[in-house]
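This is what each chain is made of:
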Amino acid sequence: MPFKRFVEIGRVALVNYGKDYGRLVVIVDVVDQNRALVDAPDMVRCQINFKRLSLTDIKIDIKRVPKKTTLLKAMEEADVKNKWENSSWGKKLIVQKRRASLNDFDRFKVMLAKIKVILSSILD
Amino acid sequence: MVAYRFHQYQVVGRGLPTPTDEHPKIYRMKLWATNEVRAKSKFWYFLRKLKKVKKSNGQILAINEIFEKNPTTIKNYGIWLRYQSRTGYHNMYKEYRDTTLNGAVEQMYTEMASRHRVRFPCIQIIKTATVHFKLCKRDNTKQFHKSDIRFPLVYRKVRPPTRKLKTTFKASRPNLFM
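Chains as they are written, first to last, in numbering that gives the first Met the number 0: chain A, 0 to 123; chain B, 0 to 177.
Any given hint could be a false lead.
As the list claims (entries may be wrong) - Straight line, CA to CA, 16 angstroms or less: simulated EDC-like cross-link-like pairs of lysine to aspartate or glutamate:
{"id": "1", "chain 1": "A", "residue 1": "Lys62", "chain 2": "B", "residue 2": "Asp147"}
{"id": "2", "chain 1": "B", "residue 1": "Lys50", "chain 2": "B", "residue 2": "Asp20"}
{"id": "3", "chain 1": "B", "residue 1": "Lys126", "chain 2": "B", "residue 2": "Glu94"}
{"id": "4", "chain 1": "B", "residue 1": "Lys141", "chain 2": "A", "residue 2": "Asp31"}
{"id": "5", "chain 1": "A", "residue 1": "Lys58", "chain 2": "A", "residue 2": "Glu7"}
{"id": "6", "chain 1": "A", "residue 1": "Lys72", "chain 2": "A", "residue 2": "Asp41"}
{"id": "7", "chain 1": "A", "residue 1": "Lys50", "chain 2": "A", "residue 2": "Glu75"}
{"id": "8", "chain 1": "B", "residue 1": "Lys145", "chain 2": "A", "residue 2": "Glu7"}
{"id": "9", "chain 1": "A", "residue 1": "Lys82", "chain 2": "A", "residue 2": "Asp60"}
{"id": "10", "chain 1": "B", "residue 1": "Lys93", "chain 2": "B", "residue 2": "Asp138"}
{"id": "11", "chain 1": "B", "residue 1": "Lys93", "chain 2": "A", "residue 2": "Asp60"}
{"id": "12", "chain 1": "B", "residue 1": "Lys126", "chain 2": "B", "residue 2": "Glu105"}
{"id": "13", "chain 1": "B", "residue 1": "Lys145", "chain 2": "A", "residue 2": "Asp31"}
{"id": "14", "chain 1": "B", "residue 1": "Lys93", "chain 2": "B", "residue 2": "Glu105"}
{"id": "15", "chain 1": "A", "residue 1": "Lys50", "chain 2": "A", "residue 2": "Asp31"}
{"id": "16", "chain 1": "A", "residue 1": "Lys58", "chain 2": "B", "residue 2": "Asp147"}
{"id": "17", "chain 1": "B", "residue 1": "Lys29", "chain 2": "B", "residue 2": "Glu64"}
{"id": "18", "chain 1": "B", "residue 1": "Lys93", "chain 2": "B", "residue 2": "Glu110"}
Unchecked claim - Pair by pair, the computed Cβ-Cβ distance ranges are:
{"id": "19", "chain 1": "A", "residue 1": "Pro1", "chain 2": "B", "residue 2": "Ala128", "range": "37 to 43 angstroms"}
{"id": "20", "chain 1": "A", "residue 1": "Gln95", "chain 2": "B", "residue 2": "Gly87", "range": "55 to 61 angstroms"}
{"id": "21", "chain 1": "B", "residue 1": "Thr86", "chain 2": "A", "residue 2": "Asp41", "range": "51 to 57 angstroms"}
{"id": "22", "chain 1": "B", "residue 1": "Tyr88", "chain 2": "A", "residue 2": "Asp60", "range": "50 to 56 angstroms"}
Calculated from the structure, these hints are not laboratory results. Yeah, the Cβ is synthetic: ideal placement off N, Cα and C, and Gly gets one too.
Please build the complete structure, drawing on both the sequences and the hints.
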């Protein structure tokens, strides 16, 4: 099984630990073996350890250390947000977030909906 | 945003004015310490070795912290240091890639401690400089100068996103690929 997701300039990654947990960032440069310089539309460019990143399949076309505006434009062109939200990984995360933010009434509604689905599958 | 252990300070001091010397020469040093108090102490340590002045007959005129000008760009730092090993003093030149000088200095101290068992008091930083990538000497830093750098992350240890969710026992073996 060859590797498919590489650390490279323009690779989109998900932060999976720490303060920026859950944020999609773009690898803008590689500091050294363990760290990368990452950037996202709504944060200051910073360095982050690879241990805190999960690489995704999405890659955008940028040169090394682009200007913030160039990066934003490249992200728009590559349509990172939509690609992410339509990917199965992205969809799962959205569902998880939605489930975590349910209040008790919402959970009651979910319970009723589940019962409805089961009953309709039994009766059909 | 990262809490650096070592801060860079600029300390300016001189000997106290005496009847023979109304305006003693003012000396300025840039050094690394964990806090200002230690920076002042280190200043006197170095100044004592260079000039005939001690803390008791000198005064510190200013101490300012020096912050990184561009913490969002990666630079290659060359650090020249003098350290005391178990058998004597040695000079060394080390290169680090980092976004800030404080980060590079911290890397240097931890590397010296791990590779040579040299602790903070036994290291004196002679000089630091940002090195142009063409002038870098160490292969370890030069290998990251490729503009089309690309490598896979080979061994992926998945960790729980917070320390709270850490468990000692797992139901199944973790998948280390990707």
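Which of the stated hints cannot be reconciled with the structure, identified by number in ascending sequence? Violated hints (numbers, rising): 7, 11; every other hint is consistent with the structure.
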